[in-house]
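Undergrad: Sequence:
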Amino acid sequence: GLKVAQTPPGGPVHIRMSLDLLGMKNVKQTIYPQSRFNVPLEMLPKPELIEQTARWLIEAESPMLCAGAEITRAGATDDLIALAELTGASVAQGYSVYSDFPFRHPLFAGFYGLGMPRGLAKTDLFVNLGGPMPDPTVFAAPPPKKARLVHARIEYQEIANTYPTDIAIAAGLKETLVALRDAVQGMATPARLADLAGPRLAAARDTQAKADARRKADAEANWNASPMSWERVSAELDEALEQDAIIVPELDYRSPFAWLNLDRGRRRLIGQTTGFALGWGIGAALGVKIALPDQQVVCMVGDGALLFGQVEALWTASRYDVPVLIVVMNNRSYDNERNRIQNNSPLMTNQETRALWKDMTCYLGKPLVDFAGLARSFGIDGQRTSTPAEFRKALKRGTAALREGRPYLIDAIIMQLDRRGVRTEQTWHPQISIAAGRTRKV
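First residue of the sequence shown: 1, per the numbering used here; consecutive thereafter.
30 Å max Cα-Cα, derived BS3-like pairs, lysine-lysine:
no.	residue 1	residue 2
1	K146	K46
2	K122	K146
3	K122	K216
4	K3	K46
5	K216	K393
6	K366	K441
7	K145	K122
Since the hints were made in silico from the structure, they are not lab data.
Required output: the full structure, derived from the provided sequences and hints.
TA: Pasting the structure below:
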């Protein structure tokens with residue numbers, strides 16, 4: 001089982017033992033070191049495929065690299081950064097449980113999933129590295145038809161499954177990125193590469209500076225608001241957390257990632273989601289802490305996700321002293337689910353019928369769940385916070401609890417956002433009472 005889990009591409013393993021084996025007495029067995037089962041795996045890419053891809057990277061007017069989980073698993077983030085900076089290619093974060101490229105890097109183009117990265121429409125070369133291709137079924141636009149498409153993965157059975165591929169590279173991602181960098185440097189002089197990457201990097205830095213200024217200006221209106229803004233909660237976390245903290249985010253929104261420093265060698269994400277599976281965040285955070293007990297672990301989880309069948313994880317955290325900080329991003333609503341329903345509703349597309357649309361399922365404020373009280377019922381200290389000052393104090397208490405070896409939960413009351421990202425307060429819900437329909441009061 002361990003061999004399957006650790007040999008690339010790896011994956012979850014469930015180990016079962018038969019009852020007769022468990023019941024046997026006086027059993028003797030040799031315990032071998034794990035090194036006896038390791039499989040050194042260095043899959044080198046074909047040189048001719050690397051040469052063609054390198055040539056296209058040099059010739060492309062607007063190349064885009066898309067980073068997947070195999071980048072992090074291969075320890076190849078620095079190699080990806082080096083290739084991007086060498087060519088000036090923009091980098092999108094594809095589907096991954098990690099942050100495979102620094103989100104604050106000037107060449108970061110955004111997330112390719114639940115939307116599309118900046119500059120996708122003009123892309124003429126799309127190089128997908130270590131992850132699945134964008135899936136249009138989860139609101140991701142496909143790469144432009146005009147773009148040449150290169151797909152490199154060690155999990156080669158996934159290449160060319162959904163898109164026609166011009167170059168398919170079945171190889172390790174570190175080996176592929178190193179080979180691409182060397183090939184590009186061998187095909188072009190330093191002066192030509194500087195002329196190629198320099199203007200792109202300068203333009204990217206200018207775009208980033210303007211975007212940062214706009215992001216901060218947009219956040220200013222609700223910076224001190226109550227309920228709190230996503231931006232303020234994220235900024236307070238960035239201020240309070242350890243520099244090597246691991247963040248497990250069971251969130252639909254990507255906005256916190258712009259406020260958390262997730263650069264290489266610092267904090268990192270484990271467990272991003274497409275938003276279509278709920279109820280895993282706290283359990284995943286406990287697993288991360290068990291695997292990495294000497295690093296601070298923080299779970300950012302939506303109130304709806306916490307109610308999606310993971311309350312029992314609090315029992316585990318308490319029983320086994322798993323010191324994880326749980327921050328419930330509580331807007332008393334399934335915001336994104338409501339907004340998706342609106343986007344697909346015929347009533348909402350017509351101005352004359354828009355007022356008829358009603359939220360039948362997504363308001364969670366009746367009853368108002370006391371998540372801090374729920375945590376206390378499991379022996380976990382916690383606090384509800386609705387202002388930045390309260391949240392800052394709760395963070396101090398929470399991080400102190402972690403140092404003492406105990407979990408802590410913060411119920412952070414945050415504002416609802418409509419489908420345009422504007423503050424809203426939608427509390428309507430169907431007034432349904434089974435009790436009111438009884439004919440006998442039993």
